[in-house]
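Trainee: Given the structure of chain B, go ahead and fit chain Y onto it with the hints provided.
Protein chains: 2
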Amino acid sequence: MADHSVTVENTLQTLLTEKKYSTIRDILVTMNPADIAAVFAGVEPDKLPLLFRLLPKELAAESFVEMESEEQETLIKGISDSELRQVMDELYVDDAVDIVEEMPANVVQRILAQSAPEMRKEINEILQYPENSAGSVMTTEYVKLSPDMTVGDAILRIRRTGVDKETIYTCYVLENRKLIGTVSVKSLLLAPSDLQTIDSVMESNLITVTTHTDQEEVARMMSKYNLLAIPVVDGDDRMVGIVTFDDAFDVMEDETTEDMEIMAGMTPSDKTYLRSSPFDLFRHRIPWLALLMVSATFTGLIISSFEEKLAAMVCLTAFIPMLMDTGGNSGSQSSVTVIRAISLGELEFRDLGKVIWKEVRTAVMCGLVLSVLCVAKILLVDHLMLHTEGVNFTVALTVGLTLAVTVLCAKIVGCTLPMLAKKLGFDPAVMASPFITTIVDALSLLVYFGIATALLKL
Amino acid sequence: MADHSVTVENTLQTLLTEKKYSTIRDILVTMNPADIAAVFAGVEPDKLPLLFRLLPKELAAESFVEMESEEQETLIKGISDSELRQVMDELYVDDAVDIVEEMPANVVQRILAQSAPEMRKEINEILQYPENSAGSVMTTEYVKLSPDMTVGDAILRIRRTGVDKETIYTCYVLENRKLIGTVSVKSLLLAPSDLQTIDSVMESNLITVTTHTDQEEVARMMSKYNLLAIPVVDGDDRMVGIVTFDDAFDVMEDETTEDMEIMAGMTPSDKTYLRSSPFDLFRHRIPWLALLMVSATFTGLIISSFEEKLAAMVCLTAFIPMLMDTGGNSGSQSSVTVIRAISLGELEFRDLGKVIWKEVRTAVMCGLVLSVLCVAKILLVDHLMLHTEGVNFTVALTVGLTLAVTVLCAKIVGCTLPMLAKKLGFDPAVMASPFITTIVDALSLLVYFGIATALLKL
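Just so you know, the sequences run in chain order B and Y. Here the first sequence is numbered in this note's numbering, starting from 55 and rising by one per residue. Here the second sequence is numbered in this note's numbering, starting from 55 and rising by one per residue.
Hints should not be assumed to be uniformly reliable.
As the list makes no split between identical chains, a pair holds if one copy fits it or if it spans any two.
[Claimed, not checked] Keeping only pairs whose Cα atoms sit at most 27 Å apart, straight-line, the calculated DSSO-like set for lysine-lysine is:
{"id": "1", "residue 1": "K408", "residue 2": "K325"}
{"id": "2", "residue 1": "K111", "residue 2": "K74"}
{"id": "3", "residue 1": "K101", "residue 2": "K408"}
{"id": "4", "residue 1": "K240", "residue 2": "K111"}
{"id": "5", "residue 1": "K363", "residue 2": "K511"}
{"id": "6", "residue 1": "K325", "residue 2": "K219"}
{"id": "7", "residue 1": "K477", "residue 2": "K325"}
{"id": "8", "residue 1": "K198", "residue 2": "K240"}
Keep in mind that the hints were calculated from the coordinates and are not lab data. Since the structure is predicted, the reported quantities are computational estimates derived from the model, not experimental observations.
Just chain B, same shape as in the assembly (with noise of 0.2 Å):
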């Protein structure tokens, strides 16, 4: 699809400098929101608003809703206030509130100003509930029923007010702004009768969440229990909005991108990477970096302490940058695989003794089959072949050694850490690859030349 987009876009282009603006509109009508968003992203700032009005209403403001917040403040600015308000009218509650959480003071009080007032209040509420909770992610038109209504009256009052609902779908029965069950639309269509009343099919086995539910824990259950829509009620019980399945997208591609960015060393950015400047990224990598490295003083600290034996038996230098890499990639695929099981929600704290119990015998066999495979190599390459000086089979097994106590080390030490990162409420992710690298580096050094010194008798 990015393929077409871009052809549609050098069409659009040179259609715009022709003046063509009814070729334009045709073309724009047959495409899909998301992809004339992804058109709009090309086109100079000041044709923004011109191609804008040629969109039908109902397109023009699912379009807005797909563009970059940079586009959408470009346009706010070059459409007048009536046009505003016509988009703003179109809006589901919850993208008007995505759009308006990333545009600046100013522009956020002329949305606010060109919105009825019932959205107006709406956005408002929403905007109070905490980042990535439920709250800041749900939308609060969604299909009320009661329990006396039948069947029909149902469905006659979904063909009546749906049309400004986010999903009809599921539709949600209330009894004193409680929730008591949900109604597929595929029950009410395939009910026997008309005439049976509402409680008799709804289904009362809930599965909710509440505003304060963080967004990565709701799409998770919405995966798990296969929903459209899941209602979200507050600290009452009252329902007060509903995330829907394409939030959960969102959702789950944000979080996994934030998830891989933290795990790389990186504060999480909203931007995408094309649209971030060389500045943006040098902010968000150059802490952890700089924190890293002054973290590896302390491996720095160690060789320097063993200095001297290290001068007596140079070959030994050789070995680090070996010892040190598998010491730090068997750490992080335990980190790793153990931050993604807790970020599925398959780990609990309470399975830590299980984990380092199973990481301690993958660790045996791993730290088995490197050992043999990297005295063999000492032997036959490092030895027989290259005869570098001062190794021999002491060496060898000093540096065969390291490494089993060095991944069994790293896999323990790999696998506790997101598990208490996660129990002291931090983000397990931190616990990835470049953290544990750092503590692993210290620890293989440690060991390497606890192990030297007894063998060689340095």
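Mentor: Here is chain Y on its own, set in the frame of chain B:
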């Protein structure tokens, strides 16, 4: 919810021992399929068929789908042919395929023998599509409409046939088996008149995938266009099935797990962490550990070849871990950012120049800050405070310069390799931390010794 399942589990265990089956049944019917599956996972295998028989037919089938393949296999072996037939009758084709794919041959034969002929045919067809393709995750049960039907007819057809369809909310308008439009139930219910024809309310701007589209691309398109279901067409544009949003959720979760595993140097696994034996973990981890260990030999060779010079200036050794780690971290940041952008469909190979230029500018900023910090730290801590032997301004300058050059090389290598991998048809995720680290280690040492030779006249 996890905690909830555990408590119920204990209660059920007690009730099982006391043989209070009707109470167990009463509890189970209030639960969701996913939670029932979680409870069943903790039950002794020989009790499984007993518990399963307590469930009403539909809930039994839904819970069966949510179970892990081990429990499914145990269960199939423990129930009669006619019970198995009842389960198969309730399953959607795509769920049946998922189950069949994980079973040993003899169990597959029994499952197919107990499926209705039509379903058996469909299972066999889907099984022929490549793993992870749209064809392999789609279902063949969807609502078909024809363009000349009225809205009223369409609603009637849904009411009559909808019970066996995985989703009724998007219906597909076919003409000679070719897809010509989609109609949502929302647009049917909100249509001004029941007498309108389907072709007047259908959406003819179609978004489709083919049977061979990768499942990750399918999920990305559903997320991009906010689709409840996406139609799958064959090479001749004939409609063959749909992929629904709940499958997209699963695909997104699986693909993220797979990406993270590959990025941490593991071959991807289908099993969850707690169900993987230490030997499973070992099998998935040892190939990369061994490969990377052997690759680190080159790093060792570089150090060996500079051994004499290092012996003359032993203090240089202490900075090796810091240089290697910072280089590795810088490279990982770039590679992970680029890998994620590729997997979100944001970057194509033609963007390579743009990406390198962005990374170079970022690297210059990061390199500058890190170098200054590092030189200052060496002068203050190592030189003035610790009086480390041999550390002077030239040494600090050598390390600082190496750091800047290493960060630059690391970021260029880090952003280029994933894009090259993608271009060559490999998974870009392979080019993450472990791989980049090994390359950057060698690079950073070459730069270090090169600069040291020049500045310190070794």
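Trainee: A separate judgement is required for each hint: does it hold in the structure or not?
Mentor: Tested hints:
no.: 1; hint: K408 x K325; in the structure: between (39 Å within a copy, 16 Å between copies)
no.: 2; hint: K111 x K74; in the structure: within (20 Å within a copy, 62 Å between copies)
no.: 3; hint: K101 x K408; in the structure: between (61 Å within a copy, 25 Å between copies)
no.: 4; hint: K240 x K111; in the structure: between (30 Å within a copy, 19 Å between copies)
no.: 5; hint: K363 x K511; in the structure: both (10 Å within a copy, 24 Å between copies)
no.: 6; hint: K325 x K219; in the structure: neither (29 Å within a copy, 40 Å between copies)
no.: 7; hint: K477 x K325; in the structure: between (30 Å within a copy, 25 Å between copies)
no.: 8; hint: K198 x K240; in the structure: both (16 Å within a copy, 16 Å between copies)
Violated hint: 6 only; the structure is consistent with all others.
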